[in-house]
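When you line the sequence shown up against the numbering used here, it's residues 3 to 607, in that order.
FYI, nobody ran anything at the bench for these hints, they're computed from the structure.
It is possible that some hints are incorrect.
[Stated by the list, open to error] No farther apart than 30 angstroms at their CA atoms in a straight line, the calculated lysine-lysine pairs in the BS3-like style are these:
1) K183 <-> K194
2) K149 <-> K183
3) K283 <-> K194
4) K283 <-> K337
5) K194 <-> K220
6) K325 <-> K166
7) K149 <-> K194
8) K245 <-> K220
9) K149 <-> K163
10) K283 <-> K268
11) K480 <-> K166
Since the structure is predicted, the reported quantities are computational estimates derived from the model, not experimental observations.
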Amino acid sequence: ALTAIMHMRSSATSAEMAKELGPFPRYEANSEHMLRVIRNHKRAAYNVRKEEYEGLSIYPIGINPEYCPSDLLEAAREDADIALELGEKYGFRNAQVTVIAPTGTIGLVMDCDTTGIEPDFALVKFKKLAGGGYFKIINQSIPPALKRLGYNEDQSREIIKYAKGAGTLIGCPHINHESLKTRGFNEEVLNKLETILPAVFELSFAFNKYTLGEKFLKANLGFTDEQINDFNFDVLTELGFSKEEIGSANDYVCGTMTIEGAPFLKHEHYPVFDCANKCGKKGSRYIKADAHIYMMAVAQPFISGAISKTINLPNNASIDDIKYAYLQSWKLGTKANALYRDGSKLSQPLNTMTDEEVEDLLEKKEENDIVKIAERIIHRYIAKRRRLPDRRTGYTQKVKINGQTVYVRTGEYENGQIGEVFIDMHKEGAAFRSLLNCFAISISLGLQHGVPLEEFVDAFVFTRFEPSGVVSGHSRIKMATSVIDYIFRELAVTYLGRNDLSHVEETEIIKKIDHHSVVEPDFESEEIISERMIELDNSKEYVESSFDETQRGQKAKAISLHQSVLKARERGYTGDICPECQSMTMVRNGTCLKCTTCGSTTGCS
């Protein structure tokens with residue numbers, strides 16, 4: 003009814019404007035259909051039978067008088083009558099008058115949790131303060147909702163505390179002032195912790211070298227520099243607290259982020275507090291896709307355009323679930339929808355994966371990596387170098403990365419496959435230029451010995467060092483984290499069609515390549531070393547035994563870095579390393595990244 007009032011009043015106002023200024027261009031040619039649409043809007047307000055709609059095969063959902071307050075229903079129908087009457091007399095100044103864009107950003111600007119048609123994403127959120135920092139808030143509708151449901155102040159306070167957390171170590175189970183004092187903490191440090199606890203996302207975030215200080219960690223708690231500087235270093239675990247004790251204390255201080263399991267709250271009241279996604283690690287309830295679609299369907303009959311609404315789906319949503327959501331949206335007459343499956347993006351704010359699940363995933367990935375290495379060895383080993391022709395084709399690309407000029411030149415085989423790459427940055431000095439030349443030669447030799455370009459791309463994109471930043475002179479790549487990152491983005495876009503690594507959709511590519519015509523090179527004339535061939539069944543043992551101690555150490559470092567990235571993402575960070583303090587505490591800040599540890603950004607102020 004509210005949407006109908008907004009739409010019909012807007013249409014009536016448009017007709018009043020047409021009275022003074024005339025209707026929109028070519029209204030006369032479209033007046034018959036325009037008025038038919040307005041009549042159908044009016045019929046939806048009166049909730050008529052399907053047979054009464056004009057020219058529709060998909061019928062809208064009208065306003066049901068049984069569920070709509072009588073005063074709102076009366077106002078909606080009155081505005082519908084006025085809009086049609088004025089439109090028939092004067093026409094309309096606007097072809098369309100309303101859309102709904104119920105994004106979370108609009109809700110934040112309006113200082114409300116949700117604009118209605120878009121459900122709240124979570125019950126507990128972090129609000130950015132004007133003077134800097136963050137403040138943890140609970141959905142502002144929860145306290146009045148609890149009061150309306152009959153809970154008293156003490157019960158409401160305990161329910162909110164369960165979701166939001168106490169924000170203090172006083173009264174906390176296992177980890178509190180008394181237990182920490184026995185382990186070397188003093189009043190000064192405890193008071194410092196108390197000031198930051200109300201805003202922390204997880205309890206362990208408050209116990210680090212930046213909040214406690216390296217001097218205190220070494221002098222009072224006895225930790226070494228190696229321990230302190232390890233990203234995986236967890237102060238609470240090293241102090242002897244178990245995972246269960248830390249988890250219990252975390253729920254008390256930081257809250258569970260959900261009302262499920264809260265004291266005093268009745269189970270039949272849970273649906274009142276459902277959100278678009280599961281809330282917190284313990285939450286299991288969320289609004290189903292059908293509910294999102296029906297919410298859009300009841301508003302769509304009173305909207306000129308479409309509704310920019312995200313339908314959230316769980317991580318285990320199947321292709322059939324996606325099909326059903328689109329089909330149901332069409333059957334109910336919605337003009338558009340956007341589907342988002344939880345976890346479908348590389349990084350997102352919420353993650354419910356436990357430490358044990360992360361460890362299992364890492365172990366599984368390590369085993370898969372070993373098998374993949376073996377498969378690649380079996381696939382092909384080229385003993386001889388496949389040289390390029392003396393006269394070869396290729397291209398030269400000139401760009402500037404943060405003001406630094408870079409030239410990339412390629413050489414190709416007769417079939418258009420890349421066989422070499424040259425890199426030139428003549429103003430960077432002899433040492434840097436020589437390193438780039440040697441790097442380019444090593445890549446070229448790898449390509450000529452059969453290493454797929456995809457392997458180099460996967461290994462080197464997102465490499466981060468200076469110069470980095472804005473890329474000018476390229477039609478599709480606009481940002482790069484380093485020269486190496488740019489080079490392999492360029493090669494991936496040009497030779498592999500990797501549009502996911504570009505920033506602009508394909509318009510006009512400098513070099514047109516028929517990727518489907520590129521065939522596997524003929525290696526029949528090459529010598530195959532049979533001793534290198536291994537059976538897949540024994541691949542794991544073969545690969546593991548071929549590693550020397552240095553290689554094992556490098557592998558361990560790579561896995562450790564991967565673990566660090568996964569753990570950072572599990573805690574809500576992006577997994578990027580801060581260029582200033584080297585911490586993995588970067589969060590999305592508009593189109594840039596911001597470090598929550600030192601406050602530096604990657605470009606946004």
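Report task. Go through the numbered hints given earlier and state which of them the structure violates, listing their numbers in rising order. Result -> When the structure is compared with the hints, numbers 2, 4, 6, 7 and 11 turn out to be violated.
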